Each structure stands twice: as C-alpha cells, then as structure tokens.
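Trainee: Here's the letter readout for the chains.
There are 2 protein chains.
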Amino acid sequence: MREYGEFDFIESVCEMFRSMPSNGFEGIGDDCAVLPIGGDEALVFTSDMLNEGVHFLTDKSTPFQIGYKSLMVNISDVAAMGAKPVATMLSLALPNERFGEWSEEFMSGYKKASKRYGVKLIGGDTVGSKTGVCISVTAIGRAPMANIKRRSAAKVGDVVMVTGRLGASAAGLRDVLADKLTTRNAKFHLMPEARVKEGVWLGERECVHAMADISDGIASDLQHIIEKSKRRAILSEKAIPVACGASFDDALCGGEDYELIFTVDKRQADNLIERFQEQFGRPLYKIGRIVRPNYDCYQIGLESDEGVIYSSAGWGGFSHFGWEG
Amino acid sequence: MREYGEFDFIESVCEMFRSMPSNGFEGIGDDCAVLPIGGDEALVFTSDMLNEGVHFLTDKSTPFQIGYKSLMVNISDVAAMGAKPVATMLSLALPNERFGEWSEEFMSGYKKASKRYGVKLIGGDTVGSKTGVCISVTAIGRAPMANIKRRSAAKVGDVVMVTGRLGASAAGLRDVLADKLTTRNAKFHLMPEARVKEGVWLGERECVHAMADISDGIASDLQHIIEKSKRRAILSEKAIPVACGASFDDALCGGEDYELIFTVDKRQADNLIERFQEQFGRPLYKIGRIVRPNYDCYQIGLESDEGVIYSSAGWGGFSHFGWEG
Numbered sequence: 237m238r239e240y241g242e243f244d245f246i247e248s249v250c251e252m253f254r255s256m257p258s259n260g261f262e263g264i265g266d267d268c269a270v271l272p273i274g275g276d277e278a279l280v281f282t283s284d285m286l287n288e289g290v291h292f293l294t295d296k297s298t299p300f301q302i303g304y305k306s307l308m309v310n311i312s313d314v315a316a317m318g319a320k321p322v323a324t325m326l327s328l329a330l331p332n333e334r335f336g337e338w339s340e341e342f343m344s345g346y347k348k349a350s351k352r353y354g355v356k357l358i359g360g361d362t363v364g365s366k367t368g369v370c371i372s373v374t375a376i377g378r379a380p381m382a383n384i385k386r387r388s389a390a391k392v393g394d395v396v397m398v399t400g401r402l403g404a405s406a407a408g409l410r411d412v413l414a415d416k417l418t419t420r421n422a423k424f425h426l427m428p429e430a431r432v433k434e435g436v437w438l439g440e441r442e443c444v445h446a447m448a449d450i451s452d453g454i455a456s457d458l459q460h461i462i463e464k465s466k467r468r469a470i471l472s473e474k475a476i477p478v479a480c481g482a483s484f485d486d487a488l489c490g491g492e493d494y495e496l497i498f499t500v501d502k503r504q505a506d507n508l509i510e511r512f513q514e515q516f517g518r519p520l521y522k523i524g525r526i527v528r529p530n531y532d533c534y535q536i537g538l539e540s541d542e543g544v545i546y547s548s549a550g551w552g553g554f555s556h557f558g559w560e561g
Numbered sequence: 237m238r239e240y241g242e243f244d245f246i247e248s249v250c251e252m253f254r255s256m257p258s259n260g261f262e263g264i265g266d267d268c269a270v271l272p273i274g275g276d277e278a279l280v281f282t283s284d285m286l287n288e289g290v291h292f293l294t295d296k297s298t299p300f301q302i303g304y305k306s307l308m309v310n311i312s313d314v315a316a317m318g319a320k321p322v323a324t325m326l327s328l329a330l331p332n333e334r335f336g337e338w339s340e341e342f343m344s345g346y347k348k349a350s351k352r353y354g355v356k357l358i359g360g361d362t363v364g365s366k367t368g369v370c371i372s373v374t375a376i377g378r379a380p381m382a383n384i385k386r387r388s389a390a391k392v393g394d395v396v397m398v399t400g401r402l403g404a405s406a407a408g409l410r411d412v413l414a415d416k417l418t419t420r421n422a423k424f425h426l427m428p429e430a431r432v433k434e435g436v437w438l439g440e441r442e443c444v445h446a447m448a449d450i451s452d453g454i455a456s457d458l459q460h461i462i463e464k465s466k467r468r469a470i471l472s473e474k475a476i477p478v479a480c481g482a483s484f485d486d487a488l489c490g491g492e493d494y495e496l497i498f499t500v501d502k503r504q505a506d507n508l509i510e511r512f513q514e515q516f517g518r519p520l521y522k523i524g525r526i527v528r529p530n531y532d533c534y535q536i537g538l539e540s541d542e543g544v545i546y547s548s549a550g551w552g553g554f555s556h557f558g559w560e561g
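Chains A and B, in that order, are what the protein sequence lines are. Everything in the first sequence is counted per my numbering, starting at 237 for the first residue and increasing by one. Everything in the second sequence is counted per my numbering, starting at 237 for the first residue and increasing by one.
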C-alpha cells in the first residue's frame, strides 16, 4: 500500500473546503487564487513554503541566493496567471544563530529580486526556530480579468509551447549535490529567474489559452493543464528544447526551470512566435498539441519515430517532497 | 551589548523597502497592510507563522487545537483593522510522521475556525520537513475604506478601552507548561477566540479611532498605538480587567488574549459601551486615556494611588521569540 502523503493531504483539504461559500474567490487548482475586484480587474494570490533540508541546504546555497529564489518561485506563479506581481508578504522562522549576517544577506537577495520586478514587501512575520530555517512567501498580483490565464482553458487543436530550454535546473541540482556550486546550471538552479514580463505579455494575448509555470517539470505541470481542461496532449520528442548540459529526462521531468508552458490557438501560433521574438529577442518553442481525450483519460503522449508512449507508462513530475538533501 | 534579534531584523527590513514604490499598498506598521481597491473598498492582508517548539508543543496541544489557533491568530489581526476576514492561505511544513492522522486533525481544527467565521481557504502549500511542524497563514479581509482603523489614529483625550478581561492566556500558558491541559485558562490559551464580529462592529463606529488586537500584551500593543499616534497613554491600575486566575502582570504584559484594544472619542465613550452591551451582551472596559506626549517621549503610564509609573521603568510585552518551550 502506498503511504499517505502530500498529495492525499492536499486532495482531502480541497474536499473539506469545497462546500464553503467562496466569498468572491475562484477555487483552488490554478497557480493562483483569483479575486475579481470590479472595474474588470482582478487580484491573484499564491503562497509557497521553502524549508531547510528539503528545498535548500544552507551549506550549498548562500543566504543571498536563498532570499532571491524565495521571491522568484512565488512571482513565477503570479506570472503564470498572466498577472503582474505587485506585493509579497514574507514569514521567516530563524534559529538564533541565523539572525544577523545570515538574515541580512537573505534579505539582500530577497530585495534584489523584489526590486528587479517592482514588487513591494508589505508585511510578514519573523519568529524563532528551534530547528532550521523555514520561509513562507505570499505573492499578490494584479491584472485585467480578461488577461487571467487558467489551466482549464486548453482547447483541442491548440499548440503547446514553452518560453525556453528545459532541464537546466535539474542538471544544476546534480552539480550542487556534487559540490560543483559555480557551474552555469548550478547557478541557474540556485538563483532562477521568473518569466514575469513574458507572463504579463502572454496574458495580454487572446490567442493564449491555458498557462502554467514549470515548477515541477512539464510532465507534471502540463498534466495539470490537461486534467483541468479535460484534454490530452501529444508532445513531439524531438521538439522538446533540452538545455545545455541537461538530459532529455531533466527537460521532461526535472523541476524548477520556471519557464512558462502554455497553449495557443494554432492559427495564431507562428505569428505569436514572431512577435515574441521581436519583443524579447528569444524564441518560443512549439513542443506539441492538445487533442481530444480518450474517454475520460487525460494523458500526455510522447511521440517519436517509434510511436507514442503515454504518461501512465510511468514518468512523473519532480517532487520536492521526500527529496533527500 | 544586546544581541542582534528579531526586532533589529524587522527594523532593518522596513528600512530596506522604504524607498520602493508602494504599488497602491499602505505601509508596514499596522496589524495588516491595506490595499484600496476602488469603490470606497479596501482589502487588508496579514501573515503569521507558528513554529513547533516556539509557539506550540505537539505534546501539549492537540493537532485540532493547533489548527484552530493558527486560523484565529490571523483573523484576529484582520478584525483589529475593522475588516471582515474573507479568505486565508495556509502553508504547512510537516515531517513524514505528521501526514495522516495528525494533519487531518489539524485541518479539522482549521476548518472549524474557518467555518465559524465564514473564511474560505483559497490556497497554500504543503512541504516536507526534516525537523518540526511549521505553519504559515496569510489572511485577507475586506472593509469599506472608511471603516479601516489604524494604529496612528489615537487622539488626545480619547478613552482607551478593551473588549474583555485580560491575562487568561498567560495564566493558561503556565497551566499548560505544568501539564494542566484542561483548566479553563489552559483551554483558552490553546484555543483562543478572535473578536471578529466585535472588530467589524467597532470598525463601523466613527468614534473609534485607533485599534489593535492584544497578541503581545497591552503593554506592548498599546505602545505601538501611541508610538504611531505620537501620543502618551495613562492607564488606571484599578481599571485593568484581570481575568479569573490571572495576575495583574498577566493582564498587562501577558500575550495572546486576542481581545481588541482601541481608543474612543471621550464624548461618545459611554454611549458606545451601552450599545456594545446591547449588541454583544458583554461590557467594554475603560482602562485609561490618551494624553499629549512629553517632548518626543511616547510612553504608557500606569496610574495608582501612589502616582504614575512609566513603561520605560521596565515592563515590556510578551515575546514569542526566545520563549523556552
């Protein structure tokens, strides 16, 4: 029997609160919760927790890197909704010896990332810890209602795209664990960059339907999109853009690349790629297409010269939980 | 030399972010950050973290009590602004052995408190932990802009009031540490009740000027009000309502009572007490008055038959930080 774990818990929590009045918020299940605030505007909200020994190791990351990353992983979720991040709240549990130099450097990293994206720190909490460092960030974003991209919006025929090469973070994690902390991929893993401007820009395009950020690997993040949209996706093996130094598995199942994955009306796909290139000087990558589901089976298929294999055959997303540091 | 600690850190963080654009949010310093959203409405935001061994002990509290309290301490901050809590986000770091029975009971307590006050859970995160349980809650409230009560709004001549007797939680903490877990005060400490309806009702009264919740003890929470308002307060020793089983010190310096402390136009004070009694069937307590500062010295004085002693003489608020469990 499988152990009761994180995903069972999340499912049971969603179930517990399903019957409660929504108070105007749209339900759990996207990168962010959405609150329409009138005047065709919406706020979006997301929270993430990073825990010492699970999400970072204080002997492998500098406090500056940990601070920088804590902000980035949260505003990446905001960008994935097509919204502009505007504010964050930061709660920190710190052992006695982390107050002072460590906490100041952590905040320098957090501030650097906040300034880069114009995000204000509006509150939070600081508490003591008998054990390790625990970091919780809540990010708030803002967007016109019409720009909000939901996981449930993928349509049959849509092209699946990503904003950059994949797998660098997983490859970087291997470097970090082998104490190679200064390789290009290690640095990418320790201090990732959220696609904030890209997310806002894609939010403004009507031809972009569903969107998510790649925090757990496309095998997992695209799976959420097709389940919410009740579709299947077929990815083309040779179209997956693998980052330098990464393996194909890193690109498919590795996490924390923080690129965006989204689906686009196929008639507009090439035009979007052109305009994105003009705007950002970088390409978008077409990696597959959305198709009708087989009965109620919302799978991802991977197409190569040898045919199509489906995700139920065993590949899954990267999970923070249980990662042995 | 004093050690660098929590308060130095918070001060340095505020300083770091002071120069950044506000994105429409009002600054750090109240129980909640405030975002006007148009149509004379505002949202308020607050985050708190509770950490095993510092804020709770898993062998002294049931998971149900911990879940209940995690929600309460947050919506208490929302109520202290005069706002109605509408939603929360919950992030949990849990060791492997806490998934299952413990986490389900925790969520039952969290849900019970959420239902009681009509607060929707809209998101969050669940992560593994190599050490103890860490809980982070962000609460969101909503109110007409005109109802928002700020710490900075106390006026000379105002009467200082509290919504209930004080010190029960500090007395209860002593019971808990002595393994008397089922006394009335122990139960109050382990499962406090936020003054949500009272906060919203007081928010609607123009004669109520400044307000805060009593999370760190009135010596500390009233100090924040008078510093922000640039005033002094004189409390009457014999007017402080001490809870049954609590000492005078518990009432003044104990924390976590989660009553509200606020200042009221003195011409309306008696009328407010009457109407509050009608509405809630309980009294308000007048405990002192707001006076002009001595130069730039914003102190609390405690008046008895023997004269007035000032807070600089040495009594301070309850601090979670460094509390030895």
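Incorrect hints may have been included.
Unchecked claim - Simulated crosslink set (DSS-like; lysine-lysine; CA at most 27 Å straight-line): (1) B/Lys-366 x B/Lys-391; (2) B/Lys-433 x A/Lys-366; (3) B/Lys-464 x A/Lys-347; (4) B/Lys-347 x B/Lys-391; (5) B/Lys-416 x A/Lys-464; (6) A/Lys-423 x B/Lys-366; (7) A/Lys-366 x B/Lys-351; (8) B/Lys-351 x B/Lys-296; (9) A/Lys-433 x A/Lys-351.
These are calculated hints, taken from the structure and not from any lab test. From a predicted model like this one, the values you see are computed outputs, not experimental measurements.
Trainee: Against this structure, judge whether each hint is valid.
Mentor: Hint-by-hint comparison with the structure:
Simply put, B/Lys-366 and B/Lys-391 have alpha-carbon atoms about 50 Å apart, too far for the 27 Å limit, and the pair is violated. Simply put, B/Lys-433 and A/Lys-366 have alpha-carbon atoms about 36 Å apart, too far for the 27 Å limit, and the pair is violated. Using a Cα cut-off of 27 Å, the hinted pair B/Lys-464 and A/Lys-347 holds, with the two alpha carbons roughly 25 Å apart. Restraint check: the Cα-Cα separation between B/Lys-347 and B/Lys-391 comes to about 39 Å, which exceeds 27 Å; the hinted pair is violated.
For the given pair, B/Lys-416 sits about 50 Å from A/Lys-464 by alpha-carbon distance, which is inconsistent with the 27 Å threshold. This hinted pair checks out: A/Lys-423 and B/Lys-366 have alpha carbons roughly 25 Å apart, not beyond 27 Å. The hinted pair formed by A/Lys-366 and B/Lys-351 fails the criterion: a straight-line CA distance of about 32 Å is larger than 27 Å. Distance hint between B/Lys-351 and B/Lys-296 is fulfilled; the C-alpha atoms sit about 25 Å from each other, no more than 27 Å.
The straight-line distance between the Cα atoms of A/Lys-433 and A/Lys-351 is roughly 14 Å, inside the 27 Å bound, and the hint therefore holds.
Hint violations for this structure: numbers 1, 2, 4, 5 and 7, all remaining hints satisfied.
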